[in-house]
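Protein chains in written order, with my numbering: chain A, 1 to 628; chain B, 1 to 313.
Any given hint could turn out to be false.
Heads up, simulated DMTMM-like pairs for lysine to aspartate or glutamate below, C-alpha to C-alpha not over 25 Å straight-line [what the hints assert, rightly or not]:
1) Lys424/A <-> Glu439/A
2) Lys303/B <-> Glu382/A
3) Lys234/A <-> Asp298/B
4) Lys435/A <-> Asp9/B
5) Lys144/B <-> Glu235/B
6) Lys303/B <-> Glu278/A
7) Lys100/A <-> Glu155/A
8) Lys281/B <-> Asp457/A
9) Lys4/B <-> Glu155/A
These are computed hints drawn from the structure, not numbers from a lab.
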Amino acid sequence: MKTLRYILGGPQGGGLETSSEVLSWAFARSGYGVISDREYFSNIKGRHSYVHATVSATEYPKSLDYPVDIVAAMDAETVFTHFQDLREGGYLIYNVDEDKTLYSSIPSMEHDLRDRLTALFKELGIDGTLASLTKYLRSRGVRVIALSYKELLSEIQRKEGIVPSQVSRYISSIIIGAVAAITGLDPNALDQSLRRRFRNEEVYRHNRALAMLVIDTVRSQFGSELKLDEPSIKSKEVLVVSGNDAVAMAKTVAGVRFQAYYPITPAADESFTLEEYETLGGAGSIVVFQTEDELSAINAAIGAALTGARASVATSGPGFDLMVEGLSWAGQNEVPVVVTYYQRGGPSTGQPTRGGQSDLLSSVFASHGEYPRIVLASGDHEEAFYDTIDAFNYAETYQVPVIHLLDKFLANTIATISMPDFSKIRITRGVLASKGLREYRRFDMSSPISPRAFLGDYVMWYSGDEHDEYGHIDEDPVNRVRMMEKRMRKLEIIEREIPEERRYAYYGPDKPSILLIGWGFVKGAAVKAVEELNEEGIRAGYFHIRTFIPFPTNSVTKFIREVGLENVVAVEHNYMAQAAKLVTMNTGLLVSKSIVKFTGRPIYVNELVNAVKNVMKGSTREVLSYGA
Amino acid sequence: MARKLTIQDLKTNVWVDWCPGCGNFGILSAMYQAFAELNLDPQKTVVVSGIGCSGKIAHFINVSGVHTLHGRSLAFAQGIKYANPDLTVVVNVGDGDLLGIGAAHFVALGRRNPDIVVIMHDNTVYGLTKGQASPTLRINLKPKALPKPNIQDAVNPIGLAIAAGYTFIARGYAARVQHLKELIKKAIEHRGAAFIDVLQPCVTYDDIHTYDYYNQRVYDLQEAGWDPLVRNPEELPEKAAQALAKSYEGDGKISIGIFLINPHVSTFEERLANRLPDYLKAPPAREAIEVDGRPVIDHELFKRIFSRYIIEF
Numbered sequence: 001m002k003t004l005r006y007i008l009g010g011p012q013g014g015g016l017e018t019s020s021e022v023l024s025w026a027f028a029r030s031g032y033g034v035i036s037d038r039e040y041f042s043n044i045k046g047r048h049s050y051v052h053a054t055v056s057a058t059e060y061p062k063s064l065d066y067p068v069d070i071v072a073a074m075d076a077e078t079v080f081t082h083f084q085d086l087r088e089g090g091y092l093i094y095n096v097d098e099d100k101t102l103y104s105s106i107p108s109m110e111h112d113l114r115d116r117l118t119a120l121f122k123e124l125g126i127d128g129t130l131a132s133l134t135k136y137l138r139s140r141g142v143r144v145i146a147l148s149y150k151e152l153l154s155e156i157q158r159k160e161g162i163v164p165s166q167v168s169r170y171i172s173s174i175i176i177g178a179v180a181a182i183t184g185l186d187p188n189a190l191d192q193s194l195r196r197r198f199r200n201e202e203v204y205r206h207n208r209a210l211a212m213l214v215i216d217t218v219r220s221q222f223g224s225e226l227k228l229d230e231p232s233i234k235s236k237e238v239l240v241v242s243g244n245d246a247v248a249m250a251k252t253v254a255g256v257r258f259q260a261y262y263p264i265t266p267a268a269d270e271s272f273t274l275e276e277y278e279t280l281g282g283a284g285s286i287v288v289f290q291t292e293d294e295l296s297a298i299n300a301a302i303g304a305a306l307t308g309a310r311a312s313v314a315t316s317g318p319g320f321d322l323m324v325e326g327l328s329w330a331g332q333n334e335v336p337v338v339v340t341y342y343q344r345g346g347p348s349t350g351q352p353t354r355g356g357q358s359d360l361l362s363s364v365f366a367s368h369g370e371y372p373r374i375v376l377a378s379g380d381h382e383e384a385f386y387d388t389i390d391a392f393n394y395a396e397t398y399q400v401p402v403i404h405l406l407d408k409f410l411a412n413t414i415a416t417i418s419m420p421d422f423s424k425i426r427i428t429r430g431v432l433a434s435k436g437l438r439e440y441r442r443f444d445m446s447s448p449i450s451p452r453a454f455l456g457d458y459v460m461w462y463s464g465d466e467h468d469e470y471g472h473i474d475e476d477p478v479n480r481v482r483m484m485e486k487r488m489r490k491l492e493i494i495e496r497e498i499p500e501e502r503r504y505a506y507y508g509p510d511k512p513s514i515l516l517i518g519w520g521f522v523k524g525a526a527v528k529a530v531e532e533l534n535e536e537g538i539r540a541g542y543f544h545i546r547t548f549i550p551f552p553t554n555s556v557t558k559f560i561r562e563v564g565l566e567n568v569v570a571v572e573h574n575y576m577a578q579a580a581k582l583v584t585m586n587t588g589l590l591v592s593k594s595i596v597k598f599t600g601r602p603i604y605v606n607e608l609v610n611a612v613k614n615v616m617k618g619s620t621r622e623v624l625s626y627g628a
Numbered sequence: 001m002a003r004k005l006t007i008q009d010l011k012t013n014v015w016v017d018w019c020p021g022c023g024n025f026g027i028l029s030a031m032y033q034a035f036a037e038l039n040l041d042p043q044k045t046v047v048v049s050g051i052g053c054s055g056k057i058a059h060f061i062n063v064s065g066v067h068t069l070h071g072r073s074l075a076f077a078q079g080i081k082y083a084n085p086d087l088t089v090v091v092n093v094g095d096g097d098l099l100g101i102g103a104a105h106f107v108a109l110g111r112r113n114p115d116i117v118v119i120m121h122d123n124t125v126y127g128l129t130k131g132q133a134s135p136t137l138r139i140n141l142k143p144k145a146l147p148k149p150n151i152q153d154a155v156n157p158i159g160l161a162i163a164a165g166y167t168f169i170a171r172g173y174a175a176r177v178q179h180l181k182e183l184i185k186k187a188i189e190h191r192g193a194a195f196i197d198v199l200q201p202c203v204t205y206d207d208i209h210t211y212d213y214y215n216q217r218v219y220d221l222q223e224a225g226w227d228p229l230v231r232n233p234e235e236l237p238e239k240a241a242q243a244l245a246k247s248y249e250g251d252g253k254i255s256i257g258i259f260l261i262n263p264h265v266s267t268f269e270e271r272l273a274n275r276l277p278d279y280l281k282a283p284p285a286r287e288a289i290e291v292d293g294r295p296v297i298d299h300e301l302f303k304r305i306f307s308r309y310i311i312e313f
């Protein structure tokens, strides 16, 4: 096998993240590429949570797809929720002790799913117990690995002398062992991964013993039937990181030394990572400031930026809304501050732990008054890393706020990526004022980008009110026109200096007959879908937007003209197809076909391929909804 | 600085556009004198202000001025201070600004105890939007701009500051410039979060809290024998309770002076320095982040810091 897909499911807080992390690391350690998305409710313990992963022997995967090869269930709810995700001949790993469990008796299950199952089970003649469902699945060719979790746990408890009340903590290693067995995972890689995860020697030993016991049990019955091919990716070093981690790491490289934040999902983990590594291995330190609210976070970051520190905030939709007032002050005062913006499902708290791309228009337009800004959007972990560094360079070069858009999909997805190429990384701090000037004017009007000095270097003034060159309030109409033009002309400079090829990426054949336009996490699925469509003889291409301000106007116009407006389809994680609106605004070309998904779950390759085919048959709007 | 700073040095050529007779003139005058007497380096001093009449003060003093947003001045001030702890940061803020829209920040700053001075221009009204009731206007009062008597109770700024953890808490009166100047000097010299509530008549919209009103009522706490110093940490509960009681004195008497000085709390900058050994030596504002355009965190250092995320084959 070249590619393996699996789902691990269980109650939130039950060890699922451990299973996921250990397996991801073990596969990565064996030389495979891994991407692993985590889906969860807004809940600490008990609701259904799952991990959906792709492991590849040939590449660092960036997309997720259905059906999967394995569903490994910690509990009955996982089986009821995901049995339809299995491919023909796929493997179900489950706890046979729960055979009598009725789907309708599971309190954590959402009533909508229960209602759908009621209808389906009636149609299929399933009585609703786990036993009846697994029997049905066996009859449909699913390979069912029925394990007694109770017996496995008590055996390991006896062997290892574990206190009985503690033994349920080890359930994650049953899932780990079963997946490792079926896929023929290298025991050494698994061992190293367990050792990395469990720093406590005893806990490591217990988990290892249980995983090995399960491996023996499963292999004796099934062998390693889903054995992956030898990996063909050749790399000396690989990073295994979440999107949050990738951005945090990039911030340290970019020179961020002040980060302010107020806790919000899914942004907060980025600040946690920064705080964990705050002393930078002796090369300086980052002040990570947990504020009382987002208003304070953005304004503290602006204050820090005025002193010369590279400063940022990390937030999500509701938090960004609170920051907009401060952002406008930064725009008025030409402050280089970076907002790292992890989108999630809205409006309001919407789907706080799910993904989305519905804040694009808000990022581009959020303001009272007009001011220049830059808006970047990352499509995968690598882009997130380099975009983070660009964000700070652009902010200081042009002295404007920069919004860096990411989303929950990326934030919580763990992926293998290449080590960053440090030879490509530059730090540019923009025009700085010379030392020893007799007089300093912060908003010197001889150029749209005035030389910057830091608080502490000279006496200077800032004001949210319209101001003169010194920063003092000035409402004179002539000054107003000159000062507005000084600021707004930066947009022309940005337009001139940030090259068109930085603003987009194109994947697919020359002269495609259908062009998908998307951004953010759409990239992974779209690139893969385009590959599959081309293999089927459909000349599809994907135009990936990487910057919204400045917009890749010339390139997108050229691509749209070549393929013909009627063959252009926006692919986005929102209802309105917001990027398509910006294409229209910037080019005057009305993109009216769309494939959208706003369930809070990512777009999967198979559903995108189908949707593109439907569009080619005449559909103008496809609303995707696959996924639990 | 070679030469001693004078009040003339501290004046900008910006016209002070407060109403004639405004209490803010007294505060400005006390600021000039305090800064001159402390001989502050103008480049290393930052006046941060919010919105409203008080907010304009940042433009009238020849030190760096950051005139920010309504309610948010403390957030800006903390960003500035934590990124560059060498700067002297003095916030000037209105009562609506600090205790209405900015109350969460006011409380949070007290918990952190940064070495920042907060001077509240307390005139019981929102002056620049024509006299609406501020959080320090007592219930049932009707200054002339209000169509109806105030329906909300007043907050007790001194009491709130005690509860929030400010370590220097005082009240001044804009018409007693010398007294206020001394308070400002002591507040700047205090190591930690200092709060001064400055009674400041709004001559245009508040016909109740006039100069006459205050002149008849204010008395000096220190002249009356109040010792604000917390001599050891164990003394704090008792001392704070007594200071709180003083802050609740009735309409007949209004105390000015220092309510509380608690020198036993670490500043936020000290707390940061405890966690970050390089912090005071190379704070965020002054740390080198690049060498010839290359990041100081290079490939090797990156690998060392983030080894937990890296697999080497």
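Hints, one by one, checked against the model:
no., hint, result
1, Lys424/A <-> Glu439/A, "violated (38 Å)"
2, Lys303/B <-> Glu382/A, "holds (16 Å)"
3, Lys234/A <-> Asp298/B, "holds (23 Å)"
4, Lys435/A <-> Asp9/B, "holds (21 Å)"
5, Lys144/B <-> Glu235/B, "violated (44 Å)"
6, Lys303/B <-> Glu278/A, "holds (15 Å)"
7, Lys100/A <-> Glu155/A, "holds (23 Å)"
8, Lys281/B <-> Asp457/A, "holds (17 Å)"
9, Lys4/B <-> Glu155/A, "violated (83 Å)"
Taken one by one, the earlier hints fail for this structure at numbers 1, 5, 9, listed in ascending order.
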